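Student: Protein sequences, first through last, are from chains A, B, C, D, E, F, G and H. Just so we're aligned, residue 1280 is where the first sequence starts under this note's numbering, counting upward by one. Just so we're aligned, residue 1280 is where the second sequence starts under this note's numbering, counting upward by one. Just so we're aligned, residue 321 is where the third sequence starts under this note's numbering, counting upward by one. Just so we're aligned, residue 321 is where the fourth sequence starts under this note's numbering, counting upward by one. Just so we're aligned, residue 16 is where the fifth sequence starts under this note's numbering, counting upward by one. Just so we're aligned, residue 16 is where the sixth sequence starts under this note's numbering, counting upward by one. Just so we're aligned, residue 247 is where the seventh sequence starts under this note's numbering, counting upward by one. Just so we're aligned, residue 247 is where the eighth sequence starts under this note's numbering, counting upward by one.
Think of the hints as simulated: they come from the structure by calculation, not from any bench. Hints are supplied without guarantee of correctness; some may be wrong.
Across the chosen pairs, the derived CB separations fall in these ranges [unchecked claim]:
| id | chain 1 | residue 1 | chain 2 | residue 2 | range |
| --- | --- | --- | --- | --- | --- |
| 1 | G | Glu254 | E | Ala174 | 22 to 28 Å |
| 2 | H | Asn301 | G | Asn460 | 55 to 61 Å |
| 3 | C | Tyr541 | D | Gly359 | 49 to 55 Å |
| 4 | D | Leu358 | C | Asn497 | 40 to 46 Å |
| 5 | E | Ala174 | G | Lys548 | 45 to 51 Å |
| 6 | E | Ala174 | G | Glu616 | 39 to 45 Å |
| 7 | G | Lys548 | H | Lys450 | 24 to 30 Å |
| 8 | G | Ala511 | H | Asn301 | 57 to 63 Å |
| 9 | C | Thr570 | G | Asn301 | 54 to 60 Å |
| 10 | D | Leu358 | F | Ser173 | 49 to 55 Å |
| 11 | D | Lys557 | C | Asn510 | 21 to 27 Å |
| 12 | G | Arg486 | H | Asp458 | 41 to 47 Å |
| 13 | E | Ala174 | D | Leu358 | 53 to 59 Å |
| 14 | H | Asp523 | G | Glu525 | 53 to 59 Å |
As a list, the in silico DSS-like pairs of lysine-lysine whose alpha-carbon atoms are at most 27 Å apart [as the list claims (entries may be wrong)]:
| id | chain 1 | residue 1 | chain 2 | residue 2 |
| --- | --- | --- | --- | --- |
| 15 | E | Lys136 | C | Lys531 |
| 16 | H | Lys300 | D | Lys531 |
| 17 | H | Lys576 | G | Lys597 |
| 18 | E | Lys82 | H | Lys494 |
| 19 | D | Lys572 | C | Lys572 |
| 20 | C | Lys578 | D | Lys557 |
| 21 | E | Lys167 | G | Lys300 |
Take a look, some chain E residues computed to stay more than 12 Å from chain B by CB distance [said to hold, decoys possible]:
| id | residue |
| --- | --- |
| 22 | Met16 |
| 23 | Lys96 |
| 24 | Lys102 |
| 25 | Pro118 |
| 26 | Ala168 |
| 27 | Glu176 |
Fair warning: this is a prediction, and the values are worked out from it, not measured in the lab. Note that beta-carbon positions come from the ideal geometry of N, C-alpha and C, so glycine has one too.
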Amino acid sequence: MNISIDDNYCKGCEICINACPKDVFAISQKRNKYGTLIPCVAEKENCIACKLCEIMCPDGCINVETEV
Amino acid sequence: MNISIDDNYCKGCEICINACPKDVFAISQKRNKYGTLIPCVAEKENCIACKLCEIMCPDGCINVETEV
Amino acid sequence: MNSLLEKYIKKESLPYIFCPGCGNGIVLNAMIYAIEALGIKDDTACVSGIGCSSWIPPYLNMDVMHTIHGRAIAFAEGLKLSQPDKNIIVFTGDGDCLAIGGNHLLHAAKRNINITVIMINNYIYGMTGGQKSPTTPIDAKTKTSPYGAIDNPIDGCGVAMSAGATFCSRWTTGHPNQLKKAIQEGIAHNGFSFIEVLSQCPVQAGKSIFKERDPWKIIQYIRKNSTITSVWEDEYKEDKIRLGNFKKETDKREYCEKIITLKKRMKQE
Amino acid sequence: MNSLLEKYIKKESLPYIFCPGCGNGIVLNAMIYAIEALGIKDDTACVSGIGCSSWIPPYLNMDVMHTIHGRAIAFAEGLKLSQPDKNIIVFTGDGDCLAIGGNHLLHAAKRNINITVIMINNYIYGMTGGQKSPTTPIDAKTKTSPYGAIDNPIDGCGVAMSAGATFCSRWTTGHPNQLKKAIQEGIAHNGFSFIEVLSQCPVQAGKSIFKERDPWKIIQYIRKNSTITSVWEDEYKEDKIRLGNFKKETDKREYCEKIITLKKRMKQE
Amino acid sequence: MRKDIRIAGAGGQGVILTSVLLANAYGIKEHFNVSQTQSYGPEARGGACKAEVVVSDSYIDYMKVEKADIFIAFNQLGYEKYKNETKNNGIILINSSLVKTDPDNNGLVYELPATEIAETKFKPFTVNIIMLGGLTKLLPKLQYHSTREAIKAGFKDSAAEINLAAFDEGYRYIEHYYFKQLQKNCS
Amino acid sequence: MRKDIRIAGAGGQGVILTSVLLANAYGIKEHFNVSQTQSYGPEARGGACKAEVVVSDSYIDYMKVEKADIFIAFNQLGYEKYKNETKNNGIILINSSLVKTDPDNNGLVYELPATEIAETKFKPFTVNIIMLGGLTKLLPKLQYHSTREAIKAGFKDSAAEINLAAFDEGYRYIEHYYFKQLQKNCS
Amino acid sequence: MLRKEVTENEGEKVIQGNEACAEAAIHAGCRFFAGYPITPSTEIIEYMSEAIFKNDGMFIQMEDEISAMCAIIGARWGGKKSMTATSGPGFTLMQEALGYGVVSETPVVVVNVQRGGPATGQPTFSSQQDIYQAKYGSHGDYEIICLTPSSVQEMYDFTIKAFNLSEQYRTPVILLADEIIGHMRERVSIPDSVEIEEKEAIEKCDEPFRRDKNHVPYAVDFFKGCNILVEGQLHDEKGRRIGHLADKSGQFIQNITRKITDNCAELTDIRHMYIEDAEILLIAYGSVVRSAERAVKTAREKGIKAGLIKINIIWPFPEKEIFRLAGHIKTVIVPEMNMGKYCREIERCLKQSKVISAPKLGGNIHQPSELAEIIEKEAALSYE
Amino acid sequence: MLRKEVTENEGEKVIQGNEACAEAAIHAGCRFFAGYPITPSTEIIEYMSEAIFKNDGMFIQMEDEISAMCAIIGARWGGKKSMTATSGPGFTLMQEALGYGVVSETPVVVVNVQRGGPATGQPTFSSQQDIYQAKYGSHGDYEIICLTPSSVQEMYDFTIKAFNLSEQYRTPVILLADEIIGHMRERVSIPDSVEIEEKEAIEKCDEPFRRDKNHVPYAVDFFKGCNILVEGQLHDEKGRRIGHLADKSGQFIQNITRKITDNCAELTDIRHMYIEDAEILLIAYGSVVRSAERAVKTAREKGIKAGLIKINIIWPFPEKEIFRLAGHIKTVIVPEMNMGKYCREIERCLKQSKVISAPKLGGNIHQPSELAEIIEKEAALSYE
Ligand SMILES: Cc1ncc(C[n+]2csc(CCOP(=O)(O)OP(=O)(O)O)c2C)c(N)n1
Ligand SMILES: Cc1ncc(C[n+]2csc(CCOP(=O)(O)OP(=O)(O)O)c2C)c(N)n1
Ligand code: SF4
Ligand code: SF4
Ligand code: SF4
Ligand code: SF4
Ligand code: SF4
Ligand code: SF4
Ligand SMILES: [Mg+2]
Ligand SMILES: [Mg+2]
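In isolation and in its complexed conformation, chain A is listed as follows (with noise of 0.2 Å):
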């Protein structure tokens, strides 16, 4: 299983961080080509598989593959 957020589209809206049951996500200090600071994958092995993350995030940015 994989969480994955794209650098490209994400703009730093923190609502995965927040929505996410499992508080998989943290804030990081990476930045993207926008300078945006994006969220990263914290504790991945928390995560239950909701996709709570793909449906909240507004800008499409999160995978969650849990097929493998």
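Knowing the structure of chain A, use the given hints to seat chains B, C, D, E, F, G and H with the ligands on it.
Tutor: Same frame as chain A, but now just chains B, C, D, E, F, G and H with the ligands:
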């Protein structure tokens, strides 16, 4: 008391004839300048001065004078 | 001539352009009686859109705007805001008010601005010669519904009330005295008033909807088809049209008043 | 990138023009999930007006009309009538749909024509920079109500239902899965569907209405301020906004269907 | 050959319908070029009313009538308004129940008491068809049957019947009157 | 004297506000003629952003900037887009935290790490005011106090405070850097 | 591509202009009509409400003219040829969506049966007052194709042509009739078959707005796998907005205007009469042509060398052809049922000529005698 | 009658064009504003929503532009000077009610801050594409007064003037700005007092629409005992419809057009620069004037005899004055931020000159260097 029908504006719709609870008006053979057959005051004495005819005449032709 | 009309009507413009037996003249009478009863002739202006029914105000010896199709309420709102102490009455038709003008009705009602809208519902576009209107009954064969109207008619009172009108009545031209009273109350009410009048158009609606040209018979038909109620229920199921004074809500504040309060508050600050 | 979006979104147009944290993207997601669940991508077209919310469809890999302010529903009706078998979804905002476009909503609902209207209510004109909209709460200080909004807000669901919408739901961007389901049901429903989404505009509404710029906090605020009910009562008095699937009426016939029946009848005659 | 025909009367008298039936009779049944026009009052109703028909065996340029060859007056108002817009040698047909003509008239006047006939023999609404009957008799290159066909095509069964009878009455009235005239002239 | 000033950056970086404050400082406090213009992205949000200020002691005809006398780049994108639209002897001020300059640059380049300063010493949103501070130092006929006044007038009390501090920091940074440059040039 | 469409030929009929228009629309393949009644165009919506269902099309009476115009654009993208009809006030209300039709390059036909304006004006009288509005009524830069019929037959023929041109150039086309033509009944002949333009809609096309050398984009419809983005902002081949890119935006405006102006020769439709030796020329369009024809004949009978140019497509302005035909003519008279509008174009075009405006206000058409008088006066002047 | 109105003079300020317009409206006596937000005019409604309440006026945000236009007409008859402001699409929607304003002879001011069109077009970019729409956007025959400011100061001054002209001629007046002027900030000086036109409304007048020799009707308001009938049909002195009377109707149209065209001299507002010996002339209006000024100066520096005419009131077209000033000039260049529109009028007016259209599409203003290049090219030609 006096009931008058103004020839100038009557369009012969016969609403007055139908509306009057006391059948005061009747069809006549009199034509006005537009060639319209206008009703006549046939049974003035039956009038109860309810003035329904006044408010129901769509062309404002009828005047019921009560105060003399 | 009706002696009260001598005072209110521009005689030189007579006869009215209305067809013989048209209900518009009756509504005009009722409105004149109401104004006279209130004694507000000089403090009242009338505004109308386009349609036969909108031809009511131009005959009045009063300040009148005969405007464009569907927008009477918008003109009236501007006029009211510029002279909040005056009474503004709008005359409009089922097409003028509910077809092209529906949005202005919605928003004026929502604002609860103190104007009185009298909508003459003859179930048809009279002026243009008998096309389907938003109130045309289902299946009626009009000039633009030759196979019968398929869309559900709109209930003007229902829309006005749900949008926020604080006064609402419906009568017919067969109820001239009730109508006069309703207009009188509507004008006196400090808020948005909506008064619908079911009226006969013996020529166009006569042809397509009632299959009857005698104005009196149409009046009777409409009366018979209606019932007087004192309360408006949303889930009304009877097949008769409701008449009555449905609503008079006094606790909602009026729009101009709110602005005036705001301005007073500003001055104090 | 969200793998489903790879299929539905024109990647070359990204990033969206929406501000960081804007709710529009969430509504877009919910809609895509709904279309995917129904498997109707190729038989569906989206229409929108003008406003931030109306910028949702242009990113879709589907047939889309991005039209003019307030008229999306009218365009959609034409499109639907020309292709009655296809699904037409309208995206619109509180300004687009209830201010300038109110009359088209009224009439489309009255007709019960089978289109699905998704109205994103962010309580403000986002696109033009934060002016009062018909849903702006009373007293809110926006760019055009610097002393506080004085007019009563309109409830879009209330208007749509009273005008005749046969399907009606309201959810928030904090209820993405319920929203997706509602959209799915709305599309499947054969009649006029109205779905309102309470959404966060962290930039404009954030400034003037919520005094809060964090999108998540606004989402939470809206959620807390609302309550999920299963029935819509007209005389609702609580001060919380109602959410839920309010209406699904299946016995009223759909508009296109009525025409098609009519045409069949004509052929037989 | 070009003939300019003008009909005037009041709204509701069937002026326009008369002109339309006439145009159909000439255009469809007699294969002439026709141009039929009208002027309405304020939007749909009331007031004065005028219709014109131009008939020609060649292309019709100007489609309206300046000076009429044939002028039909349904009422006095219409007569007054257009009596001087008729050619010197023109034909005038009046509904003599309602119209009084000027002594110093331009054209040859034919009188047809259509309102009287309608109200006594038929229904008030047949006035215009009675006039059309008389007119058919008077007009050049227009067969009795052509106008009848146009009437048949223009009305539903029941209405057609009474109108055809009224038409005949008008036609015959003028036929008779016309001959009388001739006789008068001869004597 | 006419000076054409151009500021480029991203929406949200405060480019337009900077230009407005600058226009106020020159126009109100220094009594110059000013024309301030901007170009927006698609309606209200996002994308590239540019603002221009023309300052002159006489009438300003053309109100936009063709070649700039002074060019301020808030980010790399802005820098790239307009770097060649600066006069040969022009002045370039960059937010050196985000902008890397070309070696073959036209004008004299001043570097001010505004983002760094903002994020470490103030708040992220003060970037533009730090830049404005540096700019004020660099610009002709513009007093330190004039810009300060414009900032005071433009912000509410609490916001004014932090912005004034940020402004000072930018001003002083360039003052310092500028002298350093001079020294460098001398050595 | 032109396709022969068999009409239900009823041969010769006496019908109203408005009816002829509606019937032609059906023959031209119109299968969607949305409208709102207004004098003097109402007979068109009335006819269509009956006829279009019989021809397997769809009809809807909308809540106003704004939504009617929107609906026909929507329907056209659904693949149905579409039309609406209106008059003065309704035409004004349609302008915003008409502009959208132009920018989105939607082939639709809009009929304006002109009445007297402005505002409510003279609802039952005729005019030619809206000719500039037809060209400039919506905001922004664009060009329009506009036809002006002068007989009931032309009401039929030009409606067919309007549909064909709209398909060919993928743009809204305006049929600008007037009350006289709309309400007049004349004998017309309905042909056995009419040629109608029908482009096969491209399927699965990636750049639906790519243009041919005439600047005309592809024929595309919804639901054919093209993922079309129909856009009211200036846009590229994919429909994506380019409003923030000045060069591309300028190019876009060039494209939508040049597809009409560059093809002006093909869009020129002029008839003339007695022009070979004319010394005094009338230029007319719409119903007034009929008065002009008669006036010119009258003048000829009197030995005056009068001639006539009749303009069937007033927009794009057939500048070159008018100049070619009339550049050398000394006196040009432009009769119009308005305050003198088209004559402004003529004046600009015929710089060497004396251009006389012959406006007619008040709702009636020019009487031929009025025009003949002007011609005679001018003739007398030139003989002095 | 002009009355001195003391402004709350704040002397010199740096403000936006849109703000200057709104502030001027207040100073001109505007006490009613109805509007609907739209880029790039929104700052006007925003300013008014605050300022007008402070000045004892009334503000309303309407549900759309149609109703906004209607509301200001309604309010004006209530006796309050009124204004609305909009851009492209909104201006299009206002056209029907604007026509009603013209026919009912209602003095109101309509501001259109032009953006790129057509349709949604280029919402945040500038254009001068709506100049003909301002004149011809509504159906029917009419004339309009239209001012084109080219600086923030003029945004202030012309707004005052727009109100005065509307009162003087009793007709809607259009302030046709553009995005650049609307959004630009410049230093402006607000005068201590402004002269504003204020006619005392006549009381108890029987024929409220009787005209003076300039064809202008009386100043009348509701609630002054006049029993006014404000009518959108063509009407007589009492407001009664005359649409069925051709002569009277024609006369009415004459009246409402001639009150503007007959007073064209008074309505001419032209400035010029270096015109005495000019051989190449630029004619410009609105923001483009600023580029033209610089280009002309540049040309002069190079020894080219260039000159400039700046038109402050584009409608009515100042035909006579342009001809007087420029009739003899060989080469005339007309730069515009549209596809070349006003140049059509210039061409018609200056028949002897070579009129060169210098259109600029895409949303940006002409760079002075672009214009200088055209001037130089033409200068070179004339020296050949
Ligand atoms: C913008 C516009 N569209 C259409 C019309 C034509 N029109 C005039 S009145 C009318 C309908 C009137 O119907 P209603 O309001 O019911 O009035 P009624 O004549 O039945 O009293 C229409 C469609 C118009 N004048 N303006
Ligand atoms: C006819 C017209 N009037 C006004 C506008 C300007 N305008 C664009 S979007 C908008 C409001 C949008 O509000 P809403 O529908 O709530 O969308 P949001 O941006 O909030 O999602 C307005 C007024 C326009 N484009 N067209
Ligand atoms: S929700 Fe999406 S856009 Fe927002 S911070 Fe997370 S990944 Fe970025
Ligand atoms: S799938 Fe659910 S648990 Fe996993 S990261 Fe996303 S929101 Fe958190
Ligand atoms: S009701 Fe009036 S108009 Fe009708 S017949 Fe009686 S008097 Fe005449
Ligand atoms: S007043 Fe009453 S009773 Fe008397 S005539 Fe009139 S309706 Fe009849
Ligand atoms: S058409 Fe109908 S509504 Fe109009 S005047 Fe005649 S009867 Fe009255
Ligand atoms: S302004 Fe508001 S609604 Fe518009 S994109 Fe930004 S956050 Fe979203
Ligand atoms: Mg009606
Ligand atoms: Mg919104």
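Student: Of the numbered hints stated earlier in the document, which are not met by this structure?
Tutor: 4, 7, 12, 14, 19
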